[in-house]
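*Asks:* Going line by line, the protein sequences match chains A and B. Residue 1 is where the first sequence starts when you use my numbering, and the numbers rise one by one after that. Residue 303 is where the second sequence starts when you use my numbering, and the numbers rise one by one after that.
Because the hints were derived from the structure by calculation, they are not lab data. A couple of the hints might just be wrong.
To be verified - Output of the computed footprint for chain B on chain A, the stretches with three or more beta carbons under 8 Å from beta carbons of chain B:
no.	region
1	31-37
2	70-78
3	102-111
4	148-159
Just so it is clear, the structure is predicted and the values come from calculations on it, not from any experiment. Each residue gets a CB set at the ideal place from its N, CA and C atoms; glycine is no exception.
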Amino acid sequence: MSLVAERPTDLRTITDRLPAEALQHHEPVSLVARGVHLAYDQRTVVHGVDLAVPAGAVTVIVGANGCGKSTLLRGLGRILKPTAGSVELGGQDLQRMRPRDVASVLGLLPQQPVAPEGITVADLVGRGRHPHQGAFRRWSAADADAVAVALALTDTHELAGRRVEELSGGQRQRVWVAMMLAQDPSIMLLDEPTTYLDIAHQVDVLDLLAELNEERGTTVVMVLHELNLAARYADHLVVMCEGRVLREGAPGEVLDADCVQEAFGLTARVVPDPVTGSPLVVPVGRRGARVVDVADDEAASM
Amino acid sequence: MSAPTLAPEADRAAREARQAVAGEGLRTTRRRRHRRRLLVTVVLVVLAAALCVTALMLGDFRLSAGEVLRTLAGADQGAARFIVVELRLPRLVLGVLVGVAFGLAGALFQSVLRNPLASPDVIGISQGASTGAVVALLAVGATSGYVVPLSALAGGALVGLLLYAVAWRGGMTGHRFVLAGIGVAYVCTSVIGYLLTRNDVKEAQVALLWMTGSLGQADWALVRTLAVAVAVLVPLVACVARGLSLLMLGDEQAGSLGLRPEVTRACVVALGVALACVATAAAGPVAFVALTAAPVARRLLGDGTLALVQSALVGVVLVVGADVVAQHLLPADLAVPVGVVTGAVGGPYLIWLMASGRARTA
Ligand SMILES: Nc1ncnc2c1ncn2[C@@H]1O[C@H](COP(=O)(O)OP(=O)(O)OP(=O)(O)O)[C@@H](O)[C@H]1O
Ligand SMILES: [Mg+2]
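Same shape as in the complex, but just chain A (with noise of 0.2 Å):
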């Protein structure tokens, strides 16, 4: 309440109504993946990926189950080490970097989230502070001011006291969304953030992330599996094939019956999205010839 009540209100940015603390702009910090190979054990998932993010920009990274798009995130995160080439942070080698460093610029929300068993809404969304809190400084009035942000920007304000088990999987997937931005990174490194998410939750989530890249230049990140959402969302769209960059670009450029053949092995007419302009994937498949040729004789064998 008293977040709001002395700032003026005339103003009606995210910006505005974020505490003191978290007001800056964030600055843009470069994020370059260098001929980047990841593996687990010894199996390489990624070859060879070269990748500058466009800083203050919103990249959406697409592709098949399996591609490797959660794993180049996680070498992105630096949660996983690069077996060959190297992924530079502002400049600097990510993997030299004091991991508290990289986490007050860089977050990443994994694609499975683990929540402490009885955990509350308010606590975990609270860990997301910890980047902010030295050794010794714990819990502070910016810290709780962030978390109310956090909470009220996804929807999540009336959680605050349950349980994480006891939510529902859209409700859990918001109160993620909600921890990444407590953390407030200036990179945000997303792995779809809208699954479990009802259409309405979706796009207020996409819509979030993208106001934030707008209003504060936060840099944003994420893996999508909506090729639409993600064509209309993406400044910057990266689409992975069997982990390698099959193409990048605009979305206007890059997402064509073409790729989307080569990348998912699905038929597909490209046309304009009637909102956005941008491009919208109708997909074709097995059925979708007959459906449209022999509409009839499907009617009658139902």
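Once you have looked at the hints, place chain B with the ligands on chain A.
*Replies:* Then chain B with the ligands, alone, in the frame of chain A:
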């Protein structure tokens, strides 16, 4: 990028209202948690203190609570002073230290392995330490004060390393890891049994000490050694506590919040091994204390935190309480070792754990 907001004013007001709700929810949650925490901690401290005073009162020569407290406060009470300070206090302090050490060790292991069954007394760490101590005593014939504890430490650490190298590295998690540990524990127990029979141990007390755990051997020298070890280890536990609570979020999340998961895990395991080993070296593998302390403490708190302080307190209550029961409530010619009573409490606990399905999530 963002879709144009159709009603910015309404939108803004709605968000402000949400933020107010969030702030209020946070404050309420925190306040409720602090209150619960304080209540649980105070109740445990009072309970532990009451048990300690009771332990000092009971015996062949009964003392009143007043006499005990006056003696502890330093008033010279003649015979009472001798009974309390020389006869009963070492045993009590040993029990307290052992309770703290096992309670913490259990909490550390169960958290870092994310399994309520993975406590040092179940997966063989305590039995390894016990074996180390027995080997030093019987096979090597060590007598000096530090050889036995160090040998216990080596035994426990060996089991820890073995489990790490063979089971954990091999990708075993959850129940399979615990079962591998139980196998190791049995091997250790049979080694102890073999050594005890081979060396023709007449004193049942000695055998019971290393098989089930006992406080009967307490004297000030032993207490002092254990106290030093615990005094060194407890602050280290406090240092890793914050990292451990992040580690509960899984390696990826913890790593992205600025932790080195492997390093933190290694430190936590090392501290858990050390605590379990020093306690075992002093009192044997007192059954089930490490297993039950943390889950009980966490149940009492119910807020998903590590509950390290409360686990230590529950450990103290368990050990001191069990020793009071063993010494004074059970009719016996031979003093019943504390481990027999904790085992009798722990068995039903294990059944409850299984029946209530709390172990399933591991
Ligand atoms: N922890 C792991 N250990 C071993 N192999 C793994 C691990 N995680 C992923 N893999 C393997 O690496 C490959 C790429 O996995 P990754 O999770 O990066 O795919 P993805 O593109 O994120 O897929 P999805 O769309 O299903 O999330 C897969 O073949 C998978 O089996
Ligand atoms: Mg994935």
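*Asks:* How does the region 102-111 of chain A fare against chain B when you require at least three residues with a CB closer than 8 Å, holds or violated?
*Replies:* Held - the region 102-111 of chain A has 8 residues with a Cβ nearer than 8 Å to chain B, which meets the minimum of three.
*Asks:* Given as covered by chain B, does the region 31-37 of chain A meet the bar of three residues or more with CB within less than 8 Å?
*Replies:* With 0 residues in contact (Cβ-Cβ under 8 Å with chain B), the coverage given for the region 31-37 of chain A is violated.
*Asks:* Counting residues of the region 148-159 of chain A with a beta carbon closer than 8 Å to any beta carbon of chain B, are there 3 or more?
*Replies:* holds (count 10)
*Asks:* Is the coverage entry for the region 70-78 of chain A by chain B consistent with the three-residue Cβ rule at 8 Å?
*Replies:* holds (count 3)
The structure does not agree with numbered hint 1 stated previously, though it agrees with all others.
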